[in-house]
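**Student:** Chains as they are written, first to last, in full-length UniProt numbering: chain A, 1 to 567; chain B, 1 to 567.
Hints in this document: simulated from the structure, not taken from any laboratory.
Hints may contain errors.
[Stated by the list, open to error] Where chain B lies over chain A, by a calculated footprint (3+ residues, C-beta under 8 Å):
#1 14 to 20
#2 190 to 204
#3 438 to 447
#4 489 to 495
#5 521 to 535
[Stated by the list, open to error] Quick list of simulated restraints, FRET-style, between CB atoms:
#6 A/Pro525 <-> B/Pro334: 54 to 60 Å
#7 A/Met56 <-> B/Ala202: 27 to 33 Å
#8 B/Pro86 <-> A/Gln257: 47 to 53 Å
#9 A/Gln365 <-> B/Ser529: 38 to 44 Å
#10 B/Gln249 <-> A/Gly546: 16 to 22 Å
#11 B/Thr332 <-> A/Gln257: 43 to 49 Å
#12 B/Gln369 <-> A/Asn63: 50 to 56 Å
#13 A/Pro316 <-> B/Ser529: 40 to 46 Å
#14 A/Tyr205 <-> B/Thr49: 40 to 46 Å
#15 B/Ala202 <-> A/Ser53: 52 to 58 Å
#16 B/Asn261 <-> A/Gln257: 34 to 40 Å
#17 B/Val398 <-> A/Tyr205: 50 to 56 Å
[As the list claims (entries may be wrong)] Computed far set for chain A versus chain B, every beta-carbon distance over 12 Å:
#18 Trp35
#19 Ala57
#20 His89
#21 Ser168
#22 Ala234
#23 Gln249
#24 Asp380
#25 Val398
#26 Gln478
The beta-carbon is built from N, C-alpha and C at its ideal position, and this holds for glycine as well.
There are 2 protein chains.
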Amino acid sequence: MFLLLFLVPAALALWPNPHSVSYGTSALILSPTFWIHWASTTPAPGDVTAAISRTMAELYTDNLQRLVVGRANADLPALAYANSLPMIHLEIIGNSPIKSIMAEATCILGERDESYTLTIPADGTPGMLQANTTLGLFRGLTTFSQLWYSSGGVAAIFPYNSFFPGSSMIYTVQAPVMITDTPAYPYRGLLLDTARNFFPVADLYRTLDAASYVKINTFHWHITDSQSFPLTVAAFPELSQYGAYSAVQTYSLQDVQDIINYAGARGIDVMLEIDTPGHTASIWESHPEYVACYNEAPWTTYANEPPAGQLRFAVPEVLNFTQQMFASVLSTLPSTLFSTGGDELNTACYVNDTIFQDALTASGQNFSQALNTFVLGTHDTVRAAGKTPAVWEEMLLVQNVSLGLDTLVIVWISSEDALAIAEKGYKMIHGPSDYFYLDCGGGAWLGNDTNGNSWCDPFKTWQKAYSFDPLQNLTASQYSLVLGGQQLLWTEQSGPENVDPIIWPRAAASAEVFWTGANGPDGLPRNSSEALERLHDVRYRMVARGINAINLQPEWCALRPGECNLV
Amino acid sequence: MFLLLFLVPAALALWPNPHSVSYGTSALILSPTFWIHWASTTPAPGDVTAAISRTMAELYTDNLQRLVVGRANADLPALAYANSLPMIHLEIIGNSPIKSIMAEATCILGERDESYTLTIPADGTPGMLQANTTLGLFRGLTTFSQLWYSSGGVAAIFPYNSFFPGSSMIYTVQAPVMITDTPAYPYRGLLLDTARNFFPVADLYRTLDAASYVKINTFHWHITDSQSFPLTVAAFPELSQYGAYSAVQTYSLQDVQDIINYAGARGIDVMLEIDTPGHTASIWESHPEYVACYNEAPWTTYANEPPAGQLRFAVPEVLNFTQQMFASVLSTLPSTLFSTGGDELNTACYVNDTIFQDALTASGQNFSQALNTFVLGTHDTVRAAGKTPAVWEEMLLVQNVSLGLDTLVIVWISSEDALAIAEKGYKMIHGPSDYFYLDCGGGAWLGNDTNGNSWCDPFKTWQKAYSFDPLQNLTASQYSLVLGGQQLLWTEQSGPENVDPIIWPRAAASAEVFWTGANGPDGLPRNSSEALERLHDVRYRMVARGINAINLQPEWCALRPGECNLV
Numbered sequence: 001m002f003l004l005l006f007l008v009p010a011a012l013a014l015w016p017n018p019h020s021v022s023y024g025t026s027a028l029i030l031s032p033t034f035w036i037h038w039a040s041t042t043p044a045p046g047d048v049t050a051a052i053s054r055t056m057a058e059l060y061t062d063n064l065q066r067l068v069v070g071r072a073n074a075d076l077p078a079l080a081y082a083n084s085l086p087m088i089h090l091e092i093i094g095n096s097p098i099k100s101i102m103a104e105a106t107c108i109l110g111e112r113d114e115s116y117t118l119t120i121p122a123d124g125t126p127g128m129l130q131a132n133t134t135l136g137l138f139r140g141l142t143t144f145s146q147l148w149y150s151s152g153g154v155a156a157i158f159p160y161n162s163f164f165p166g167s168s169m170i171y172t173v174q175a176p177v178m179i180t181d182t183p184a185y186p187y188r189g190l191l192l193d194t195a196r197n198f199f200p201v202a203d204l205y206r207t208l209d210a211a212s213y214v215k216i217n218t219f220h221w222h223i224t225d226s227q228s229f230p231l232t233v234a235a236f237p238e239l240s241q242y243g244a245y246s247a248v249q250t251y252s253l254q255d256v257q258d259i260i261n262y263a264g265a266r267g268i269d270v271m272l273e274i275d276t277p278g279h280t281a282s283i284w285e286s287h288p289e290y291v292a293c294y295n296e297a298p299w300t301t302y303a304n305e306p307p308a309g310q311l312r313f314a315v316p317e318v319l320n321f322t323q324q325m326f327a328s329v330l331s332t333l334p335s336t337l338f339s340t341g342g343d344e345l346n347t348a349c350y351v352n353d354t355i356f357q358d359a360l361t362a363s364g365q366n367f368s369q370a371l372n373t374f375v376l377g378t379h380d381t382v383r384a385a386g387k388t389p390a391v392w393e394e395m396l397l398v399q400n401v402s403l404g405l406d407t408l409v410i411v412w413i414s415s416e417d418a419l420a421i422a423e424k425g426y427k428m429i430h431g432p433s434d435y436f437y438l439d440c441g442g443g444a445w446l447g448n449d450t451n452g453n454s455w456c457d458p459f460k461t462w463q464k465a466y467s468f469d470p471l472q473n474l475t476a477s478q479y480s481l482v483l484g485g486q487q488l489l490w491t492e493q494s495g496p497e498n499v500d501p502i503i504w505p506r507a508a509a510s511a512e513v514f515w516t517g518a519n520g521p522d523g524l525p526r527n528s529s530e531a532l533e534r535l536h537d538v539r540y541r542m543v544a545r546g547i548n549a550i551n552l553q554p555e556w557c558a559l560r561p562g563e564c565n566l567v
Numbered sequence: 001m002f003l004l005l006f007l008v009p010a011a012l013a014l015w016p017n018p019h020s021v022s023y024g025t026s027a028l029i030l031s032p033t034f035w036i037h038w039a040s041t042t043p044a045p046g047d048v049t050a051a052i053s054r055t056m057a058e059l060y061t062d063n064l065q066r067l068v069v070g071r072a073n074a075d076l077p078a079l080a081y082a083n084s085l086p087m088i089h090l091e092i093i094g095n096s097p098i099k100s101i102m103a104e105a106t107c108i109l110g111e112r113d114e115s116y117t118l119t120i121p122a123d124g125t126p127g128m129l130q131a132n133t134t135l136g137l138f139r140g141l142t143t144f145s146q147l148w149y150s151s152g153g154v155a156a157i158f159p160y161n162s163f164f165p166g167s168s169m170i171y172t173v174q175a176p177v178m179i180t181d182t183p184a185y186p187y188r189g190l191l192l193d194t195a196r197n198f199f200p201v202a203d204l205y206r207t208l209d210a211a212s213y214v215k216i217n218t219f220h221w222h223i224t225d226s227q228s229f230p231l232t233v234a235a236f237p238e239l240s241q242y243g244a245y246s247a248v249q250t251y252s253l254q255d256v257q258d259i260i261n262y263a264g265a266r267g268i269d270v271m272l273e274i275d276t277p278g279h280t281a282s283i284w285e286s287h288p289e290y291v292a293c294y295n296e297a298p299w300t301t302y303a304n305e306p307p308a309g310q311l312r313f314a315v316p317e318v319l320n321f322t323q324q325m326f327a328s329v330l331s332t333l334p335s336t337l338f339s340t341g342g343d344e345l346n347t348a349c350y351v352n353d354t355i356f357q358d359a360l361t362a363s364g365q366n367f368s369q370a371l372n373t374f375v376l377g378t379h380d381t382v383r384a385a386g387k388t389p390a391v392w393e394e395m396l397l398v399q400n401v402s403l404g405l406d407t408l409v410i411v412w413i414s415s416e417d418a419l420a421i422a423e424k425g426y427k428m429i430h431g432p433s434d435y436f437y438l439d440c441g442g443g444a445w446l447g448n449d450t451n452g453n454s455w456c457d458p459f460k461t462w463q464k465a466y467s468f469d470p471l472q473n474l475t476a477s478q479y480s481l482v483l484g485g486q487q488l489l490w491t492e493q494s495g496p497e498n499v500d501p502i503i504w505p506r507a508a509a510s511a512e513v514f515w516t517g518a519n520g521p522d523g524l525p526r527n528s529s530e531a532l533e534r535l536h537d538v539r540y541r542m543v544a545r546g547i548n549a550i551n552l553q554p555e556w557c558a559l560r561p562g563e564c565n566l567v
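Can you make the complete structure from the sequences, with help from the hints?
**Tutor:** Given below as structure tokens:
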């Protein structure tokens, strides 16, 4: 016989890693009468009450055994004499008025307070979760729910499990736990494109659930594109009526509000994007007079993918239409952020377009001047609604639009472009394709492309995303321009059928990069070997919660931290 | 206003393309009293009756509108005056005894008869499906179910829909249809690895359903590997008791029979693989005395991935054990095929293994001779059970084992290796990683591998798989050695959560390559532009049937054949 000892990992499942954390080595079980106590005299807002209920449910339904060889069996001896946690108190500190999670999550980016402190004593006395805001409390509840495991089916054979007859114990092995936490960056997002392929509301709900589990705080909703226009616009209902794939493949006004509210209750702000003036071929379906080069062949000349079609931005009526469309949508959005898009504008589209060229001539402007007029005009509309515009990097770096300095610029083409944005003094959101594009590596999708490859091959692994340094290439004086970042899913080859496994747990990587920052709570630089142990746990817990997150490795590896590293 | 005309595609949704087919241009609706009539005097076997029931259910639940702009609306005018199909007769021709689908599907590879003829008149008279076997009839039913669409929710506004009050019409637009069909190759498989990560029985059922939709006829079940041993072996229950990830992550004797029966009833033979003598570290958990270099570090020296561990094949007791294990399993398998594996044998594993080296010395054999003894010994056991052994290519090309000429050799390392196999005169199954590996392109999965890539990057698109020529590199005299081929999913980064989208509809590519052969029914070489129209349909129909098959393109492209080609 051979014997081999495996080290039981000390790290458990917190993700993203908190700013500061200390663990003990005591087992602690949840009391059968455990409850979460709202300790303020002011009644809890409705979304806080709902979050408490969800947390309670997760504790009892995750049913996740610890990822070690032997699973929960390894912990049973320690549980025999464990104290039990009777409750945690939730306390808002300070004197600010208590608002809903959603109100806190949708306020101005720099003013959100997501910090909290969490203390779980080992001695059987109540725990304490404190924060300045309900949003902070919600982040703390998310952390709290990640501390606990189930003794699973094995509990039945264990005599000490008298608390839960016929059930399993919920426990942690690392009490006491003391956590002080606050995010390193205010913007931690996820982009989903619902235009190339459509996603029913239920799929967005599930995606928002998963995002909230790793403290992502912004859903960058790329809701329209050249392929379809599923967004119902009150002022222009014909846009989705003709531009959506079908009547059922639309987001009604109520759907959008439902999604915003669902996200808000989970600490997530929705930054809607109506991409302009490119990526607008679907507007041709209802307003052909506003769109140049619709589906012109060969598409390669007029667009990065079929179908071609872009707004005739030099036509005054087109700016007027776009402003009215934006205004109609903006009035329904609680967020202070709105993206007007601006990527991949194709100039060839306009060369032979008489309507565009005539308008340009009539305006006395050149191409750049007319684009400037259009973009700044739409941004005026965004600001008039009390919001801050965001744009893709080309608006600044390629088209040289004289954007207001409040504008957020989103990096996507290359991580190296951050420096140029910083040098121009703009705030930025990192979403570089070389680290964060979730769709890369899926192969060519054009019909007759036998040997083609994904344009941004290879696949961007979680390790690659995790290695991203938000400050790379920047000088210290530019650091404050970095608001955060996000992973992104463009959906040429995606839909409801693969949205879970292509996003999760990968998108947890950037969630930790931008929450935890450069160093882990141990003060050492983040590293993927340490992170993997926790990320396995994130994945298994997501699966327990109904998210089809993929296996990162064979389960053999998940149970044996460090055994499946590159050597 | 601009106007743009789209061509309505002539090709509909048959996949794989039949050997010979002719379509008309008449619309034909299913009669509200449509039924499938078993025309023989001998009662239908149970799995035929079940297949008829499933086909009827699919007709009424697929609810798939045709993939054209305007969807079913485009067809409504033609449906107004359409005849309706009252029934099809199912007829076994010839005088052979009528057997179950499963009996026909599991008989000797070269003797299976999957041919059928299907005639659907346009004039409202009954259709006819004829075959020599129930297996042929089942293939014909599969084809039949692909002909039909639903007029969907729009039917309600259409006055002619009096047949189905409150429901939609089921119709085809291409009657009459006359099909004569038979596969080009007898082996059309799909490999799934259930050892690196475990798949519950329900996931295998769903995978088998999808495979049957595209006439795949072999499930190559890689059931054990170094990471886990989920297979319950009656003679050695300890193998799964200790070698499985957990007690619930096992396949019981009944599970295996259930899966075999489920597959058989769908025209699919199950070729089980117990990989030996490599890929056997999980046997160490119950029989450490049989396994060399278990989890030795660094694993890179001893295995292609962790954990290392291989059978001490030079030890007589190990051969004896393996033969008894195989015999115990083989006695439960109806298939005439069984794979003993044989890939990636690592020689370093044995260099310092005293037990192995002592046994080698005692045997008076060198390494190759001992391996020959082991492999041929296990193949004797396979043949004694009345079955034909299959092996991975290294057994022949690297280890030079003197395999019996009946042995099937499976290509995997490179498509170029087919020639060497043929030159040695062996029959082969194509599964080359450069065309058919479904796991390629998923990125590095080792824990600390920030910039690593999938070993077989890039992603193998359906177009790439579809471009495979089974006879490439071979001379005409060697063509008969090609039995067929398969796409393969190794599950380092897969599990139940992504098994559908990573396999489907991609694995339909090889299903058509090996069913349809080099030329389509139009006599022209298969090409991916033509195929894509039909493959979209395969994908949408799979989704309708509960398979999470991915979008191959934006839906805009799916509705507009040819518009999203590389130009």
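**Student:** Taking the hints in turn, state whether each one holds.
**Tutor:** The hints, checked one at a time:
no. : hint                              : verdict
1   : 14 to 20                          : violated (count 0)
2   : 190 to 204                        : holds (count 3)
3   : 438 to 447                        : holds (count 7)
4   : 489 to 495                        : holds (count 5)
5   : 521 to 535                        : holds (count 4)
6   : A/Pro525 <-> B/Pro334: 54 to 60 Å : holds (57 Å)
7   : A/Met56 <-> B/Ala202: 27 to 33 Å  : holds (29 Å)
8   : B/Pro86 <-> A/Gln257: 47 to 53 Å  : holds (50 Å)
9   : A/Gln365 <-> B/Ser529: 38 to 44 Å : holds (43 Å)
10  : B/Gln249 <-> A/Gly546: 16 to 22 Å : holds (20 Å)
11  : B/Thr332 <-> A/Gln257: 43 to 49 Å : violated (58 Å)
12  : B/Gln369 <-> A/Asn63: 50 to 56 Å  : holds (52 Å)
13  : A/Pro316 <-> B/Ser529: 40 to 46 Å : holds (42 Å)
14  : A/Tyr205 <-> B/Thr49: 40 to 46 Å  : holds (41 Å)
15  : B/Ala202 <-> A/Ser53: 52 to 58 Å  : violated (30 Å)
16  : B/Asn261 <-> A/Gln257: 34 to 40 Å : violated (50 Å)
17  : B/Val398 <-> A/Tyr205: 50 to 56 Å : holds (52 Å)
18  : Trp35                             : holds (31 Å)
19  : Ala57                             : holds (21 Å)
20  : His89                             : holds (37 Å)
21  : Ser168                            : holds (14 Å)
22  : Ala234                            : holds (24 Å)
23  : Gln249                            : violated (8 Å)
24  : Asp380                            : holds (30 Å)
25  : Val398                            : holds (24 Å)
26  : Gln478                            : holds (24 Å)
Violation of the numbered hints given earlier is confined to hints 1, 11, 15, 16, 23; the remaining hints are satisfied by the structure.
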